[in-house]
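Trainee: Put together the whole structure using the sequences plus the hints.
The listed protein sequences correspond, in order, to chains A and B.
Each position in the first sequence, counted from 1, maps to that position plus 1098 in our numbering.
Each position in the second sequence, counted from 1, maps to that position plus 1098 in our numbering.
Don't read these hints as lab results, they were simulated from the structure.
Computed from a prediction, not measured in an experiment: that's the story for all the values here.
None of the hints are false.
Remember, identical chains collapse to one label, so a pair may be satisfied in a single copy or spanning two.
Cross-link-like lysine-lysine pairs, in silico, BS3-like; alpha carbons within 27 Å at most:
no., residue 1, residue 2
1, K1273, K1322
2, K1131, K1172
3, K1317, K1273
4, K1339, K1360
5, K1273, K1253
Number of protein chains: 2
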Amino acid sequence: MDMWEQLSAEQLKEMERQFEIYSQGVEDIIPLKELKNKIAKSILLNKPLKIKLGLDPSAPDVHLGHTVVLNKLKQFQENGHIIQLLIGDFTGKIGDPTGKSTARKQLTDEEVKHNAKTYFDQFGKVLDMEKVELHYNSEWLSRLNFEEVIQLAGKITVARLLERDDFEERIALGKPISLHEFFYPIMQGYDSVVLETDIELGGTDQYFNILMGRHFQEKFDKDKQVALLMPLLEGLDGVDKMSKSKKNYIGIDENPQEMYGKAMSIPDVLMIKYFELATDLPLEEKQRIKEGLTAETIHPRDAKMLLSKTIVKMYHGAEAAERAQQQFISVFQERAMPDEIPSIHWEGEKKIMIVNLLVELGLQKSKSEAKRMIENGGIRLNGEKIGDTQLEIMIEDNLILQVGKRKFIQIKMD
Amino acid sequence: MDMWEQLSAEQLKEMERQFEIYSQGVEDIIPLKELKNKIAKSILLNKPLKIKLGLDPSAPDVHLGHTVVLNKLKQFQENGHIIQLLIGDFTGKIGDPTGKSTARKQLTDEEVKHNAKTYFDQFGKVLDMEKVELHYNSEWLSRLNFEEVIQLAGKITVARLLERDDFEERIALGKPISLHEFFYPIMQGYDSVVLETDIELGGTDQYFNILMGRHFQEKFDKDKQVALLMPLLEGLDGVDKMSKSKKNYIGIDENPQEMYGKAMSIPDVLMIKYFELATDLPLEEKQRIKEGLTAETIHPRDAKMLLSKTIVKMYHGAEAAERAQQQFISVFQERAMPDEIPSIHWEGEKKIMIVNLLVELGLQKSKSEAKRMIENGGIRLNGEKIGDTQLEIMIEDNLILQVGKRKFIQIKMD
Chain A
1099 MDMWEQLSAE QLKEMERQFE IYSQGVEDII PLKELKNKIA KSILLNKPLK IKLGLDPSAP
1159 DVHLGHTVVL NKLKQFQENG HIIQLLIGDF TGKIGDPTGK STARKQLTDE EVKHNAKTYF
1219 DQFGKVLDME KVELHYNSEW LSRLNFEEVI QLAGKITVAR LLERDDFEER IALGKPISLH
1279 EFFYPIMQGY DSVVLETDIE LGGTDQYFNI LMGRHFQEKF DKDKQVALLM PLLEGLDGVD
1339 KMSKSKKNYI GIDENPQEMY GKAMSIPDVL MIKYFELATD LPLEEKQRIK EGLTAETIHP
1399 RDAKMLLSKT IVKMYHGAEA AERAQQQFIS VFQERAMPDE IPSIHWEGEK KIMIVNLLVE
1459 LGLQKSKSEA KRMIENGGIR LNGEKIGDTQ LEIMIEDNLI LQVGKRKFIQ IKMD
Chain B
1099 MDMWEQLSAE QLKEMERQFE IYSQGVEDII PLKELKNKIA KSILLNKPLK IKLGLDPSAP
1159 DVHLGHTVVL NKLKQFQENG HIIQLLIGDF TGKIGDPTGK STARKQLTDE EVKHNAKTYF
1219 DQFGKVLDME KVELHYNSEW LSRLNFEEVI QLAGKITVAR LLERDDFEER IALGKPISLH
1279 EFFYPIMQGY DSVVLETDIE LGGTDQYFNI LMGRHFQEKF DKDKQVALLM PLLEGLDGVD
1339 KMSKSKKNYI GIDENPQEMY GKAMSIPDVL MIKYFELATD LPLEEKQRIK EGLTAETIHP
1399 RDAKMLLSKT IVKMYHGAEA AERAQQQFIS VFQERAMPDE IPSIHWEGEK KIMIVNLLVE
1459 LGLQKSKSEA KRMIENGGIR LNGEKIGDTQ LEIMIEDNLI LQVGKRKFIQ IKMD
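Mentor: Set out below in structure tokens:
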């Protein structure tokens, strides 16, 4: 019998209300029906659900891609459920025993702690960190002995593990899989056993690992968690998943202006996805914008400015968001200079080749790079585009040099 | 450079002498050249080699099939090398976590100890147990924590493990392999790392597991052991590997007469193999018999009597062997009764159907079995074969009933 059949009409309405919120923007819920049952159970027993997010302690820079799950967690938190942030420090401390993967380098206790703190500082911009449960899986995993590991390994088959996409692929390509790699999904699954997690969140790339939680909870006679998989957010290039290594990200620690500018560079086709996944606007507002864009009653530029402002507001507040927008308008839309421009004191030659000046000021790495930038129309002097790579100029006080779209520098002579 | 190139002429002779002994009757030596190097090293450094045999603590009944490796170990022991008997008690204590295999049922500490003692008592009939090193792998394996297990697992690939024949087969048939099963060969390999084994012995069915020792010793920067694989001895049926479950075995604890009789039932074609693998006769003697049988200058019956007597002598001494042989001759070759026949007191009807008598005396399970035995010529009354299944007889004092070749019973009336 399904849990929700025991709900009163009012409780049923509450269950449906929560269900609608949680399932918004989600890529997959496995199994869908179970999510309703979990919510129903929590309402019936007046007991919060335990919502888990696993974190890799080796890469603590949080960007907008991460906030997709954070925003979803926030929805659960706002409805009184318990967030379990799980730092996979045991994994981080082990590193890669084969020494082949530099991504899995061994972390010290201090690094783990430092990285965890960095996470939490940033997460605090989305979640109420005082209500969050923090867990380190070394707490239980480091205590397992060989016999217990064997017992754990006895609860899963080799074939089941080989189903993971990247394992399957490597087997097909004849690329080696080191046996210890099997244990990362097993650990993640066992964490859910220990934490008695009701719902585990993750990106769609976590599909296999999160289902491990269901597998092991069942083997340990626990209630099975629901997997709630969020879409992966493409980065500014509109192609790859947002990531630090691809340099297509907006970090949530970036300054308001940088953040606003980067958000304005998101491809139009991704705008609705960003509204859905990366903002905390109310459902109805998101719906209104989506319909407006589709019906072309909202101009894409206006929508994108709203998106950028909303994102800045989430991480820096309303005032900073307003300022970032004004500055953006004056610089980019009116082609005027920004209000505040960093200045530099010049003590060199007054007469200088433009390419040499760019290199000396550290604005370009080499003369050839500087030339290329000029040829691409990327250099302006007092607002005027420079076309001649051989140009020689006379330095004068308050000369404003612009590189690319957003980098300005004012030269001071005294 | 090969070790043996450093040997003096005399030392080289000694190396070749040992090498000839050790390689006799062996199915495979991996790698062959390394065995020579190991012996050479031991001669050069005047240091005994460490020869390992792993034992499963769950099945302590030792039969002639086991003695194939024991006899080989004895040769090493006689040349001053150290025998490492490794009781796989850690494995035994774990059992099968999936609960599917009854063969791998969990043993208690007491059972492990009892079984180990049973082994050693029996091994003492072949080896000098005072010079043997005893090891229990729980000593080091039970101390490994999860992190150390992961480090261990990082030293082998999934593909390498799947190369094991039975794994490969099960994958092909879609039969599940539980992940913990991967750890049995890993443990066996790691044991050799800890014990710094030079040579590991086993039947050819241990091929994969023993090579694990080489694999892990290399990963731990140790000298790699040599695998010395002995042929599997077929049982009395001449078909299957000798094993308790197939009931085709000669236990080394069986009484002299039973042992002699069973040995006489070995198929002729296996005689030479038994001489080679299951007796401790000198090489030249084995060679003489082999040539004699091939040239037909030795009668197979005489050879088999020598084989049986030799086997009994190994486990019960010369006198018992002689007695067993004499008794066998009188019973089987002269078709006479044995000296001592167990008697039974008869109080039933004097006139009785032969089939009923056989069942009542517990000599046959059912009338239909008794009939079949008569039809096969397996029943004799006072030495005369009975041909009629409907025969009715009159019981008289001292009537001797013979069932099969070796079972006699004398009926007493008072």
